[in-house]
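*Asks:* Whenever a hint applies, use it, and build me the whole structure from the sequences.
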Amino acid sequence: MAGFLQQVVEGLGAGAIYASLALALVLIYQFTGIVNFAQGELAMFSTYLAWQFTAAGLPFWLALVITLVVSFAGGMLIERVIIRPVEGAPELTVVIVTVGLFIFVNAAAGWIWSFLIKDFPNPFPEGALTAGGVSVGYSTLGIVGVVGVVMGLLYLLFQHTKIGLGMRAVASSPQSARLVGIRVGWTLALGWGLAATVGAVSGVLVAPLLFLDPNLMGGVLIYAFAAATLGGFDSPVGAVVGGLIVGVAETLAGAYVGFIGSDLKIGVPLVIILVVLLLRPRGLFGRAVVERV
Numbered sequence: 153m154a155g156f157l158q159q160v161v162e163g164l165g166a167g168a169i170y171a172s173l174a175l176a177l178v179l180i181y182q183f184t185g186i187v188n189f190a191q192g193e194l195a196m197f198s199t200y201l202a203w204q205f206t207a208a209g210l211p212f213w214l215a216l217v218i219t220l221v222v223s224f225a226g227g228m229l230i231e232r233v234i235i236r237p238v239e240g241a242p243e244l245t246v247v248i249v250t251v252g253l254f255i256f257v258n259a260a261a262g263w264i265w266s267f268l269i270k271d272f273p274n275p276f277p278e279g280a281l282t283a284g285g286v287s288v289g290y291s292t293l294g295i296v297g298v299v300g301v302v303m304g305l306l307y308l309l310f311q312h313t314k315i316g317l318g319m320r321a322v323a324s325s326p327q328s329a330r331l332v333g334i335r336v337g338w339t340l341a342l343g344w345g346l347a348a349t350v351g352a353v354s355g356v357l358v359a360p361l362l363f364l365d366p367n368l369m370g371g372v373l374i375y376a377f378a379a380a381t382l383g384g385f386d387s388p389v390g391a392v393v394g395g396l397i398v399g400v401a402e403t404l405a406g407a408y409v410g411f412i413g414s415d416l417k418i419g420v421p422l423v424i425i426l427v428v429l430l431l432r433p434r435g436l437f438g439r440a441v442v443e444r445v
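Under this note's numbering, think of the first position of the sequence shown as 153, with each following residue one higher.
It should be emphasised that the hints constitute simulated quantities derived from the structure, not laboratory data.
Heads up, none of these hints are tricks.
Cβ-Cβ distance ranges computed for the label pairs, FRET-style: (1) N274 - G419: 23 to 33 Å; (2) T282 - F256: 38 to 48 Å; (3) P433 - Y307: 18 to 28 Å; (4) Q327 - T245: 18 to 28 Å; (5) T282 - I315: 37 to 47 Å; (6) R236 - L331: 13 to 23 Å; (7) L429 - R236: 26 to 36 Å; (8) G337 - L210: 29 to 39 Å; (9) S266 - V217: 22 to 32 Å; (10) T313 - V221: 14 to 24 Å; (11) T313 - E243: 24 to 34 Å; (12) G370 - S324: 31 to 41 Å; (13) L331 - W213: 36 to 46 Å; (14) L331 - L244: 26 to 36 Å.
We put the CB at the ideal spot given by N, CA and C, even for glycine.
*Replies:* Encoded structure:
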């Protein structure tokens, strides 16, 4: 039993990272209806910025704050310069733009920092808490805590501020929001900025567990898509719940399903995506779309 609980705890730690990137995907989808395939690469680029700041001698947490500010501004700039011109274009056009952004950001990171693997500092202390034969690493506790704080701040923003109310109005109906005087264009840019900031958090959390290179977030993005699909692309809460479920499912499958092991765990999120799309396309928390005819 202790071994099973240990796997669950490790899965929750991994799932928290998937949840943070899935949350970024959901934020953009809510405001613009766009599935941003470049979200993982934007998070990777932000992680390189954090690494550069720490390499220059800044304390980690100060470097993180600066990175988040730059990521927020960069997300807004991308929306204004790259996404705004194709607003209202066919969905395939928008998909191609985000895929192109994926390729560009990946190549830019390799050009600036090279494709050599780099170590990323871990902001959390080594060691673990042990109870009942189950060890919970301080790193896992820190990751879950950071994601919890991000969720709490987003809840306060959306539920208790005028900016959040305007963003919810735009996400619900841009046309109606425009009629009551909300600047929809800038609100959409703000949504992209928030998504880039949340994505940067996921990159900074995963980098100490792996090695920093331009392909850092490729696998994580697949898990994040599975989390968003499972929870519902229009539900921030669903993204977090979906991320935790995907993390636990992946860990348990790798530990207890013999033919999967550590090599085929990447197939778990793909199976989850397929099953959800077949049985419940809107996800666990997604809202059904009702159209008048």
